[in-house]
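There are 2 protein chains.
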Amino acid sequence: MNIKVTVVGATGVVGSKMLSVLEERNFPASEVKALASIKSVGKKILFKGKEIVVELARPEAFDGVNIALFSAGGDLSRELAPEAAKRGCVVIDNSSAWRMDPDVPLVVPEVNEDDIFKNNGIIANPNCSTAQLVLVLWPLHKEYGLKRVVVSTYQAVSGAGKKGIDDLNNQVNAIVNGKHIICEKFPYQIAFNCIPHIDVFKENGYTKEEIKVVEESRKIMHIDDLAITCTAVRVPVLNSHSESVNIEFEKDFDIKEVKELLSKSPGVLLYDDPEKNIYPMPILTANKNETFVGRIRRDFSVKFGLNLWVVSDNLRKGAALNAVQIAESLINKQ
Amino acid sequence: MNIKVTVVGATGVVGSKMLSVLEERNFPASEVKALASIKSVGKKILFKGKEIVVELARPEAFDGVNIALFSAGGDLSRELAPEAAKRGCVVIDNSSAWRMDPDVPLVVPEVNEDDIFKNNGIIANPNCSTAQLVLVLWPLHKEYGLKRVVVSTYQAVSGAGKKGIDDLNNQVNAIVNGKHIICEKFPYQIAFNCIPHIDVFKENGYTKEEIKVVEESRKIMHIDDLAITCTAVRVPVLNSHSESVNIEFEKDFDIKEVKELLSKSPGVLLYDDPEKNIYPMPILTANKNETFVGRIRRDFSVKFGLNLWVVSDNLRKGAALNAVQIAESLINKQ
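Those sequence lines, one after another, are chains G and Z.
For the first sequence, the residue numbers in our numbering are 7 to 340.
For the second sequence, the residue numbers in our numbering are 7 to 340.
For the record, the hints were derived by calculation from the structure and aren't laboratory data.
Misleading hints may appear alongside valid ones.
[Claimed, not checked] The calculated label-pair distances, taken between Cβ atoms and stated as ranges, are:
1) G:Phe310 - Z:Arg64: 50 to 56 angstroms
2) Z:Ile44 - G:Val206: 53 to 59 angstroms
3) Z:Lys45 - G:Tyr194: 51 to 57 angstroms
4) G:Asn175 - Z:Glu281: 46 to 52 angstroms
5) Z:Val206 - G:Asn175: 32 to 38 angstroms
6) G:Glu334 - Z:Val206: 25 to 31 angstroms
7) G:Val206 - Z:Glu61: 54 to 60 angstroms
8) G:Ile187 - Z:Asn126: 45 to 51 angstroms
9) Z:Lys50 - G:Phe310: 56 to 62 angstroms
10) Z:Lys168 - G:Glu57: 36 to 42 angstroms
11) Z:Pro65 - G:Lys265: 45 to 51 angstroms
12) Z:Asp120 - G:Phe310: 35 to 41 angstroms
In this text, all values refer to a predicted model and were calculated from it rather than measured experimentally.
Idealized CB from N, CA, C, for every residue including glycine.
Modelling step: build the complete structure from the supplied sequences, incorporating the hints.
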C-alpha cells in the first residue's frame with residue numbers, strides 16, 4: 007500500500023490528537039504530512055520518532071494525497087476541502103462546515119459505516135457530543151426503537167480547543183493565587199461555574215451546539231423525524247464530555263438485556279455497578295477510546311423510559327479517533 | 007412580640023447561613039440561641055454585633071423556645087425534633103429525616119404556604135435541588151398542567167457541607183501546586199470532574215438525591231402521581247445548583263406568556279436574553295435569594311414541551327432562606 011495522509015490543522019488540539027491516534031493505531035500510511043495556516047508553518051512535529059515540518063495549507067498541498075484529515079475550522083474547510091477533493095483526495099472533515107450537506111456523508115463508523123462509501127470526496131466527522139451519544143443510542147434503537155430522547159450535556163473545555171483549556175487553567179490558577187480572572191475564550195468565567203451556552207444562539211432560543219446534537223443524530227442514524235432535544239452546558243472539566251440521557255422507547259425492555267446489549271456494542275464500555283461506586287466520570291475516560299456508559303436504570307415517569315449517563319473523551323471518539331476510524335474503513339473496505 | 011428562636015447545627019454551613027438570613031431579614035426574635043453537638047459547644051458566633059455562645063443541643067435546651075431551625079443532620083433531627091415539639095417549640099427541619107412523614111408538612115412557602123399551619127410541631131424544609139425546582143414548576147403547573155418532567159442537575163459542593171467545599175478547594179490547590187489529591191468527602195476527585203452520585207444508591211439504581219427530587223416535588227405540589235425523573239450530578243462548582251429541566255405540559259403555551267408568568271412568580275427571577283448572553287449561572291446567583299430561570303425555549307420533540315435552565319444558591323433558597331421564610335409565615339399568619 008502506498009497511502010499518503012495529511013492532517014490539516016496539525017498544531018491544534020484535535021489535529022495533534024489526530025497525529026497521535028494515527029501513530030498509536032499504526033495507520034498504514036507511506037507518508038504523513040502536516041498542514042496548517044500561515045502562523046504555524048515551519049513548526050516541527052514529532053511523528054513516529056521523526057520530525058515533520060508543518061507546511062502551508064493550500065490547494066496544491068493536496069496533490070498526490072489520498073486522505074486528508076481536516077481540523078482547522080469551518081472557513082478553511084469550506085475553502086480547501088473541495089480543492090483537495092478535486093485532486094482525488096478524500097477529505098475527512100472535523101468542522102461543522104459540511105456535516106449537514108446532503109452530498110456529504112456524516113459518519114460514526116459503528117453506526118453508519120456504509121455511508122462512508124457514498125462520498126463525493128468529502129466525509130464529515132460529527133460534533134463531539136453527537137458521536138458519543140449515537141454510539142449508545144444506535145444499538146438501543148435497533149432493539150427497542152427510539153421514541154424520544156432528552157439530552158443534557160456536561161461539556162469539557164477542551165471542546166473549545168487550546169484557548170478553552172487555557173481559560174480554565176489560567177482562571178483556576180488566578181483564583182488559587184488571588185489574582186484577577188481573565189476570560190479569553192468563554193463569555194464568562196468557566197472556573198467553578200457552569201455556562202449554558204456553547205457555540206452561538208439561534209432565533210429559536212437554542213445554541214448551534216444543541217441544534218447539532220439534534221440534526222446530526224438524525225442524519226447519522228437515518229431517522230429523519232427522531233424526536234430529540236438537547237441542553238448543552240460547559241462545565242469546568244478539562245477533557246471528556248458527560249451526558250445525562252433520557253430515552254423513551256417504542257417497545258418495552260429489560261434492564262439486564264439493555265446492559266448486555268451495550269456491553270457488546272462496538273466502541274461502548276459498560277461501566278455500571280453503583281454498589282461499587284462504578285459509573286462513568288471524565289477523570290476516568292480521558293485518553294480512552296471507549297465511550298463509557300453507566301447509571302442505567304428504568305425511568306418510571308413514562309411507559310418505556312430509560313435513564314443513562316454517557317462519558318467519552320471528546321478529543322478521541324468525539325473528534326480524532328472517529329476521523330481515523332473513517333480513514334481506516336476507507337482503506338480496509340474499499 | 008416575644009419570639010425565641012434557636013438554630014441547631016449553628017456552626018455548620020447551612021446553620022451559619024440560617025443565622026445570617028435571620029439577621030439580614032431582621033427576623034423579629036427577642037432572643038436567638040445557637041445549639042450544636044458537643045464538639046462545637048463553647049464556640050462563639052457573632053449575631054447582630056453580639057456574641058452568642060454555642061450551647062449543647064439537648065432536649066432541655068428547647069424549653070421556652072418558640073421556633074427551632076434544625077440543620078444538624080438526620081440523626082440529631084430524629085432524636086431532638088420530637089423533644090423540641092413536645093416542649094411547644096415548632097421545629098423547621100432541614101434534614102431529610104421528616105420530609106416524607108405524612109404527619110409533617112414539607113414546605114416551599116411560594117408553593118404550599120398553607121401546609122405550614124397543618125403542622126404537629128415539625129415542619130420539613132425540602133432538599134436543595136427540589137426547592138428551586140418546584141419554585142419554577144408550580145406557577146407553570148397552575149397554568150398549563152405538568153404532564154412529565156425530566157431533570158438533570160449540576161450540583162455545587164456546598165450542598166455537601168463544609169467538607170464538600172474543602173474537598174474542591176484542597177484538590178484544586180493540590181493540582182495547581184502539583185501535589186497529591188485527597189478525597190475526604192466525595193468518593194472521587196471532584197476538581198475538574200463530574201460525579202453522577204449524590205447521597206447513597208438504592209436498589210432501583212437511583213440515588214437518594216434523585217428520589218428526593220421525585221418524591222418531595224410530588225408532596226410539596228400535592229401532585230401524588232406527578233411523572234418526574236431525575237439524574238443528579240455533582241460538578242466542580244463551589245456554590246449554587248443548576249438544573250436542566252425538560253417539561254411536557256397538558257396544555258399548549260406561548261413562550262412569551264411563560265416568560266411573563268415566571269417574571270411575576272414570587273422568588274423567581276427571569277434572567278433570559280440569549281442575544282445579550284443573559285442566562286443563569288452559578289457565579290451570578292451565589293448569595294442571591296432569587297432562583298434564576300433562563301434558556302426558556304420550546305422543546306420541539308414533543309407536543310407541548312419546554313426546556314429551561316434553573317440556577318439558585320442552594321444554601322439560601324435550597325436551605326436557610328426557605329427555612330426562615332417558613333418561620334416568617336408562622337409568625338405573620340398565625
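How the hints compare with the structure:
no.	hint	verdict
1	G:Phe310 - Z:Arg64: 50 to 56 angstroms	holds (53 angstroms)
2	Z:Ile44 - G:Val206: 53 to 59 angstroms	holds (57 angstroms)
3	Z:Lys45 - G:Tyr194: 51 to 57 angstroms	violated (40 angstroms)
4	G:Asn175 - Z:Glu281: 46 to 52 angstroms	violated (30 angstroms)
5	Z:Val206 - G:Asn175: 32 to 38 angstroms	holds (34 angstroms)
6	G:Glu334 - Z:Val206: 25 to 31 angstroms	violated (44 angstroms)
7	G:Val206 - Z:Glu61: 54 to 60 angstroms	holds (57 angstroms)
8	G:Ile187 - Z:Asn126: 45 to 51 angstroms	holds (50 angstroms)
9	Z:Lys50 - G:Phe310: 56 to 62 angstroms	holds (58 angstroms)
10	Z:Lys168 - G:Glu57: 36 to 42 angstroms	violated (53 angstroms)
11	Z:Pro65 - G:Lys265: 45 to 51 angstroms	holds (50 angstroms)
12	Z:Asp120 - G:Phe310: 35 to 41 angstroms	holds (38 angstroms)
Of the hints listed earlier, those the structure fails to meet are numbers 3, 4, 6, 10, in rising order.
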